[in-house]
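Asks: The primary structure of each chain is shown beneath.
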Amino acid sequence: MTVLVVEDEIIMLKTIELRLKKDGYNIIVSEDGRDALKKIEELNLDLIITDIMMPFASGLEIIGAAKNKVGKKIPVIVLSAMGQENVVLEAFQLGADDYITKPFSPNELSMRVKRYVPQGV
Amino acid sequence: MNNFQFINVFYIYLLLPVLLFVIILSLTIYKKRIERRTKLWQESIAVLISESIFFTEGEEPEDINDNYSNLINLPAYRQCLINEILKIRKSLSGISTVNLKEVYEALHLDEDSHKKLKSSKWHIKAKGIQELAIMEQVKYVKKIFKLTNNPNELVRSEAQCALVNFYGFPGLRFLNVTVYPISQLQQIQLLNVLYLVKAENFDPVKKWLNSTNKSVVAFALKLAKFYNCFEVYDDVVKCLQAPNSHIKLNALEYLKNMPREDTPHQVVATYSYENKEYKLAILEALQIIGTDENISFLQGRLQDNDDDIKAAAAKALSKLHPQGAAYLLTQSFADLNPWKKIFLQISNERAA
Numbered sequence: 001m002t003v004l005v006v007e008d009e010i011i012m013l014k015t016i017e018l019r020l021k022k023d024g025y026n027i028i029v030s031e032d033g034r035d036a037l038k039k040i041e042e043l044n045l046d047l048i049i050t051d052i053m054m055p056f057a058s059g060l061e062i063i064g065a066a067k068n069k070v071g072k073k074i075p076v077i078v079l080s081a082m083g084q085e086n087v088v089l090e091a092f093q094l095g096a097d098d099y100i101t102k103p104f105s106p107n108e109l110s111m112r113v114k115r116y117v118p119q120g121v
Numbered sequence: 122m123n124n125f126q127f128i129n130v131f132y133i134y135l136l137l138p139v140l141l142f143v144i145i146l147s148l149t150i151y152k153k154r155i156e157r158r159t160k161l162w163q164e165s166i167a168v169l170i171s172e173s174i175f176f177t178e179g180e181e182p183e184d185i186n187d188n189y190s191n192l193i194n195l196p197a198y199r200q201c202l203i204n205e206i207l208k209i210r211k212s213l214s215g216i217s218t219v220n221l222k223e224v225y226e227a228l229h230l231d232e233d234s235h236k237k238l239k240s241s242k243w244h245i246k247a248k249g250i251q252e253l254a255i256m257e258q259v260k261y262v263k264k265i266f267k268l269t270n271n272p273n274e275l276v277r278s279e280a281q282c283a284l285v286n287f288y289g290f291p292g293l294r295f296l297n298v299t300v301y302p303i304s305q306l307q308q309i310q311l312l313n314v315l316y317l318v319k320a321e322n323f324d325p326v327k328k329w330l331n332s333t334n335k336s337v338v339a340f341a342l343k344l345a346k347f348y349n350c351f352e353v354y355d356d357v358v359k360c361l362q363a364p365n366s367h368i369k370l371n372a373l374e375y376l377k378n379m380p381r382e383d384t385p386h387q388v389v390a391t392y393s394y395e396n397k398e399y400k401l402a403i404l405e406a407l408q409i410i411g412t413d414e415n416i417s418f419l420q421g422r423l424q425d426n427d428d429d430i431k432a433a434a435a436k437a438l439s440k441l442h443p444q445g446a447a448y449l450l451t452q453s454f455a456d457l458n459p460w461k462k463i464f465l466q467i468s469n470e471r472a473a
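Chains Z and D supply the protein sequences, listed in that same order. In terms of the numbering used here, the first sequence opens at residue 1 and continues consecutively. In terms of the numbering used here, the second sequence opens at residue 122 and continues consecutively.
I should point out that these hints are in silico values taken from the structure, not numbers from a laboratory. The structure displayed is predicted, hence computed values, not measured ones. Take these hints with a grain of salt, some might be off.
One side only, chain D facing chain Z, incomplete, derived with CB under 7 Å [unchecked claim]:
| # | residue |
| --- | --- |
| 1 | Ala167 |
| 2 | Phe175 |
| 3 | Lys208 |
| 4 | Ser212 |
| 5 | Gly215 |
| 6 | Ser217 |
| 7 | Val262 |
| 8 | Glu398 |
Far from chain Z, by Cβ distances over 10 Å, these chain D residues were calculated [said to hold, decoys possible]:
| # | residue |
| --- | --- |
| 9 | Asn129 |
| 10 | Tyr132 |
| 11 | Arg157 |
| 12 | Leu213 |
| 13 | Trp243 |
| 14 | Asn271 |
| 15 | Tyr301 |
| 16 | Gln310 |
| 17 | Val318 |
| 18 | Asn334 |
| 19 | Ser393 |
| 20 | Ala402 |
Even for Gly, the Cβ is constructed at its ideal location relative to N, Cα and C.
The following block holds chain D by itself, in its conformation from the complex (with noise of 0.2 Å):
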């Protein structure tokens, strides 16, 4: 290496870290600024609103456009206010959030929140849809219901749950067309949604319950028992013979919640043709639901060659058998281990 390249090599190695200091720097005081910047319109925003929401009669919340024409025009100041609408939106009730509905429709906050509806971003997407859903703007349903069957999961799932926000149960109707998987996870957050939703009509519980998407099936299914639907107690014990297993646990759990007198044998029926996590769910079913006629097939169950079988039949004939758990006692294998100890912690929890 010459003089001439060692010196270059040294300038840039000296000036490598000044450059990368000087670019950090340049952010953070990027940074600081855009949080100021938040911060000062996140409290010219909160008088705004706070004073919009008891505004007195006489004053329309229309003036706003006047008072805060200079900012109002700016997107990223627009997005602030959405984004602290929706804050106080979640923390109020009440006739406030009345008068909040129509500052944000008076400052046709909705129209960006509608948008982004036409973005090609998943997440901006997904954004809007939440924004209007908050903001109950049901005039954009349309647009939201087509997005219900959205390839993006998010998306779908974010339009799934404004339908239900805005109608409650009968908007659910999106299960009827829906071609895409129903996630576990989208299905609490349903539930959760319906939570405190009356439903009258159960006639498309029914349908869905004969859906040939599998999701809508058990989401159906957890709806049924969520409601206490008995209207279609025929149709779940049919759904004991789908080729799907998820689909037959929901139809276990909602018959276990809601059994009948014919419910163990229609549930015992199925059995033999089932795999072993079905048949656990099944002998689990039958420590609630099981009767005296179900003691002849547990004690079959209890000469298993399966273990966790064995154990689950256990346990149920412990609850049904007259003798109680004092009846595992009387196995042949009852005095060897593991099972001595099985049935003692069996014995201890009937006991209990």
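Chain Z extracted, bound-state conformation (with noise of 0.2 Å):
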């Protein structure tokens, strides 16, 4: 099972690769929006994981090209900030299927990625 995760902090990125490397994901990680919608569009992914605010793309744009994927739509879990409600409610009009508020739990990020694709290994 392959997630990809997007977050240009990278030490948010190590945590949340390492958390679900732990649990057998096959994981890919994209420090910028731009990098992911080109992951998107070449790889085979059973999830992605994104935050809101990105360098070059957006995560609205990277939820919008996770769900107009020719053959497959994506699942998508929005990463977001307090006080983003209203981007949240943007991101569930584009299609997201969950999203998770920081501070998180690394542990509640691991059970919400469960609900989407089965345990890796």
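Starting from the two chains in their separate frames, assemble the complex, guided by the hints.
Replies: Set out below in structure tokens:
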């Protein structure tokens, strides 16, 4: 099971990557929106976890790309900061499947991921 | 100008741009190098910290010291570590934050933050307090408490927020001793930190309402409203007699929120001695807490020479008078402009 994590803060990216690797997922990371859009196009992904505020392409564009991919609608979990309620609503309108507000527990994220993709190993 | 002088001036004009170019180039290279180094450090720190957050049994976080012994003694690297730990701390919750705190302490980064409190530069001091507060380093509370009375406003502000961060409502005990004013912004920041905090003992609020520091009284009134403190009602009513209009307006806000049967009477009793801003606030409060007994008072205000007072009284009357907004049309000046338009607008607002 392959999960794409899109987050511009390296430390956050690494933390999510390591936590989900423990669950046995194959993790692909992106530090910016443009790179993420390319990976959505090229790779066969099972889930995307994306931050909203991203350089080059926002989380909303990533949701759009994930939902418009020919042949497969990839589930998307949105990471948002407190006070971004309006953006979260917009994300749901675009087809986001779930969201988690920072600060969050990595274990909670792990549980939410399991709702969309069965455990990796 | 002779030839020799001309050549000198020519060389100076030629050399200056070259020199400037060399300086800009060196600075750019230096900046790029620092950026590259920081990026590399951030990547290594990201690995270090994320591994430490999810370390498995048997691997203690202390091992970090051995693995990163070359870098860990560099002050710039240690600061980068602190910055990254704070960044991730703000984004995480749950058990991983406990591990993160252990990493911060195991690397003695708390001592680095603590050293900043002794700096003569205010911004370094403030940063040190912020770091210790985010990482919940309660052991430094005595030193932070002293800084709540620091002459620098931002240092004070960080120290006050840190105490509330550590202890919640009881952390506000600095209000007993603070001699400097608490700015409006700081009051909002403190209320934000208190937002999810429960408080049980409101005795200190009573004490703060009688403080000699006017900003403490104003903030105590905000706290009383924030926590719906019924216990301090009588003390708040006394604040209506305070010479400071800011205190009176805050008292009025509390009373608007938690009125008793005699509240409108107590509020109206202070009306005649007040300035226009407070008079308008009283009339606005009566729209919410006023009763039939205030109608005659408001009718009197409808004859006031000041148009703003007149309009505020009209608004309150439209809510309290049995005839509602229609009562306003019985006034002798109801057909004259601007009152015709104002009354029509009040009437429309009431209908909406």
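Asks: Confirm or reject each hint.
Replies: Here's how the hints hold up against the structure:
1. Ala167: 4 Å, holds
2. Phe175: 6 Å, holds
3. Lys208: Holds, because the Cβ-Cβ distance from Lys208/D to chain Z comes to roughly 6 Å (cut-off 7 Å).
4. Ser212: 5 Å, holds
5. Gly215: With a closest approach of 3 Å, the Gly215/D hint holds.
6. Ser217: Holds, because the Cβ-Cβ distance from Ser217/D to chain Z comes to roughly 5 Å (cut-off 7 Å).
7. Val262: This interface hint is violated because 23 Å lies over the 7 Å limit.
8. Glu398: Given a least distance of 32 Å, the restraint on Glu398/D is violated.
9. Asn129: 51 Å, holds
10. Tyr132: The claim holds: Tyr132/D sits with its nearest Cβ about 46 Å from chain Z, beyond 10 Å.
11. Arg157: Arg157/D is indeed farther than 10 Å from all Cβ atoms of chain Z, at 14 Å.
12. Leu213: About 5 Å separates Leu213/D from the closest Cβ of chain Z, which leaves it inside 10 Å; violated.
13. Trp243: Nearest chain Z Cβ is 28 Å from Trp243/D, so the label holds.
14. Asn271: Holds, because the least Cβ-Cβ distance between Asn271/D and chain Z comes to about 29 Å, which exceeds 10 Å.
15. Tyr301: Since the minimum Cβ distance to chain Z is about 30 Å, Tyr301/D lies beyond 10 Å and the statement holds.
16. Gln310: 15 Å, holds
17. Val318: Non-interface label stands for Val318/D: nearest chain Z Cβ at 16 Å, farther than 10 Å.
18. Asn334: Holds, since 32 Å exceeds 10 Å.
19. Ser393: It holds; Ser393/D is separated from chain Z by about 44 Å at its closest Cβ, greater than 10 Å.
20. Ala402: 30 Å, holds
The structure shown violates the earlier hints numbered 7, 8, 12.
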